[in-house]
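Participant: Chains A and U supply the protein sequences, listed in that same order. Be aware that the first sequence starts at 3, since it is given in the working numbering, and climbs by one per residue. Be aware that the second sequence starts at 852, since it is given in the working numbering, and climbs by one per residue.
Check before you lean on any hint, since a few could be wrong.
Unchecked claim - Among the chain A residues that face chain U by a calculated CB cut under 10 Å, a handful are:
#, residue
1, 205
2, 254
3, 260
4, 261
5, 454
6, 461
Keep in mind that the hints were calculated from the coordinates and are not lab data. Beta carbons: idealized from backbone N, C-alpha and C, even for Gly.
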Amino acid sequence: MGVLRGAFGRRRSQPVLPQDPVVAELVDALAPDRVRMDSAERALFAHDASVFTGGVSGPVCFVTSAAEVQAVMRIAIRHDRAIVPRGAGTGLAGGAIPLGAPIVVSTIKMNRVLEVDTVDRVAWVEPGVVNLDLTRYLRPLGYHFAPDPSSQQACTIGGNVANNSGGPHCLAYGVTSNHVVAIDVVLPSGELVTLGGVDAEPDGYDLRGAFVGGEGTLGIATRIGVRITPNPPVVRTMLVSFDSAEVAASMVGDVIAAGIVPAAMEMMDREITRAVENFVHAGYPLDAGAVLLVEVDGQDEGTRLDMERITEIAHADGARSCRLAADEEERALLWKGRKGAFGAVAQIAPAYYLHDTVVPRAALADVLRAVYEIGARHDLPVVNVFHAGDGNLHPLLLFDPREPGIMERVHEAGKDIVEVSLAAGGTLSGEHGIGVEKRDYMSMMFSDVDLEHQNRLRRAFDPACRANPGKVLPASHSCADIQALRQVPTGVWA
Amino acid sequence: MSGPPAAPAALAALAAEVGAEGPVAAEGRRTRWDVGGALADGTRLVRAPSGILEHKPEEMTVRVLAGTPVDELHAELGARGQRTGLPRRGGTVGGALAVGESDVAVLGRGRVRDTLLQVRYVAADGAVVQGGGPTVKNVTGFDLPRLIVGSLGTLGILGEVILRTNPIPASSRWVTSASVDPFAVLDLVRGASCVLWDGTRTLVELEGHGADVDANLRALERVGEWGEASGPPPLPPHRWSMPPAGLRTLDREALGDWVASIGVGTVWASRPQPPAEVPAPLAALAQRVKDGFDPTGRLAPGRSVWRRAA
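With the rest of the complex left out, here is chain A (with noise of 0.2 Å):
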């Protein structure tokens, strides 16, 4: 695969061996039992939940405070090693991939919620904390923590501020930078720096809002200040079907014209709705071309005068049904289906690549359709189960891994998903991130000058390339070329 093609510093790549003095002194640092050098804890720490391959794990440690996070730093420093942060590994872009033998920091031991204040409504938590787990721990508080991706029982508070995550409830709440309030960040100096605020407007650049996203490369996370959001007394939840994913996608333009923005707006194709249903018996249609699965939530007269405009509008567009959730429980089943949509996808395939782009919405049923035809241009099946309320697709694209040649096919679909997103006015990622697996398509977006000022912001916070390095930026800008890194000036690397 292009993407992890390429050079990286041959001192940077140099294989973890028991002799490997970095590894006496972590031990030091932390504890025999939280550096992990053998080869089966490496293996595992060289994947994360995508599809790419490549990566070498150094030492990987298991730290329980910024304190620690700080003598890794040091370490890494001193031997001249890089460093990658890493919170659940669920991400899909390769983000938490370690390149060249780096010493992995992985923060899933630090996973207390620290504080909650309910006037400034802000928790303040560590980064290991697993998303739902934070939502759980205020659900009795009457809060919520709005992001919701949809590997929330699994991945960490850390790991969504990497990749300002999303999820289908960001449509009305918006994505995780709107959701941090402060970071402490250990930078890859080894200084420790409070960036934002829970004032109003801190003082200063916002460095808070350039770090959310910067997915490991700008320092690691060690305490976050996110903001809780009221739970809504009322939730209403409907079910719409169509004939096709196309005539779908026209009423999500149709109901945000007319000025309702719902909390979510999912849709999911025929063959996703019929995988779901069997798995789930939520009562999908089997016979629809698509569904949406549209939520309301606020008060109770304006929720439902909200929901009867958008049944109006989905008549209007040509809807077969409207099925509103008449209870908790019937809500809880159809948001089941939503949810579990990826694992019902092991029934129609052995294994998927799930991507991501933003499309304008208005550009949402041409776009689907030509991702159908580039499906069957490739021969490959494709999916789809997406936040359709903001543009944001997810084509997933079906494969038997043991079939040979198989990826590159896979690749070059995903490819020409890109282009078409970006010709329709759209974006590589909504939520998944650039890791590995968009790094050298980000010219395809962005000018060479329009890269070396995000560049310039990466090395304000890194100038020696330390963490995460290969990572977002392609090649020629980043700290994954071999000659941007004989380009240091010296004395860095001392």
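Given the coordinates of chain A, assemble chain U onto it according to the supplied hints.
Facilitator: The following block gives chain U in isolation, referenced to the frame of chain A:
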């Protein structure tokens, strides 16, 4: 299908005017001209072009040139039922983004820092740079738009932006009370776009569907007496940034007269907020950002992002 729109010719003209040498800063309407301190003597002033390029209500986006007055933008969007998170206090789109202060009713309108989706700015070397993307959701690369918001023109000169728009709620109502604990309001109602307190009076803007606004008012009336108000009160000139929980113990000695935004933490006061001490590693990081984007220090010299309140 249409691809992404190219930078308009007006941006090339702005870039040529900015050039690559000599101290330079953008001038809008001078609504917040003193924020961050005075420009160094001899700083050349340029004006960003003005005009609304494309409003797409179904995408919840508008593409607009930075010199466009915010009032003009909101009038145009309002005619199609939408608005943005930019503050309603005169000035230009570019000025509002460069300063980064949110609207008084930020709870209903959203923060300025979450409003900017895509930016085209003129860099210190005169090049036009694009950051972010044209859609409401996007995580492609590093977040230059959020870095630019509130940077006071010290990293680049704003030329053209794509902003997130939002629908205008069907109903809006301002009410006031002298008998209600302002800190109780946000727990009593959903749909308060603004809760202001001056130490004696509480003012609330309720927004949403008409029936929801009425229901919220009834909920408020269960804890005290309310009368109609015409809008927010006159706001004192200096803006303090505080944690929302810090508003319970405001010091009149330090602030003078004040109006506080409950649940947000902004306080408008007759005296300026003393600058806070900036930890050295944070100041150094910010300086590296500045040096990276503006190696010769020619953009808005004299302005400091650490002295917003000054």
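Participant: Let me know if the C-beta of residue 205(A) comes in closer than 10 Å to any C-beta of chain U, holds or violated.
Facilitator: Check passed: Cβ of residue 205(A) comes within 5 Å of chain U, closer than 10 Å.
Participant: Interface hint check: residue 454(A), Cβ to nearest Cβ on chain U, cutoff 10 Å. Holds or violated?
Facilitator: The hint holds - residue 454(A) has a Cβ within 10 Å of chain U, the shortest such distance being about 8 Å.
Participant: Taking 10 Å as the limit, does the beta-carbon of residue 260(A) come near enough to a beta-carbon in chain U?
Facilitator: Holds: closest Cβ of chain U sits about 9 Å from residue 260(A), inside 10 Å.
Participant: Taking the closest Cβ pair, is residue 254(A) under 10 Å from chain U?
Facilitator: holds (9 Å)
Participant: Does the interface hint hold: is residue 261(A) within less than 10 Å of chain U, judged Cβ to Cβ?
Facilitator: holds (4 Å)
Participant: Against chain U, run the beta carbon of residue 461(A) and see if the smallest gap drops under 10 Å.
Facilitator: This hint holds: residue 461(A) lies near chain U, its Cβ roughly 6 Å from the closest one there, short of 10 Å.
In summary, this structure violates none of the numbered hints.
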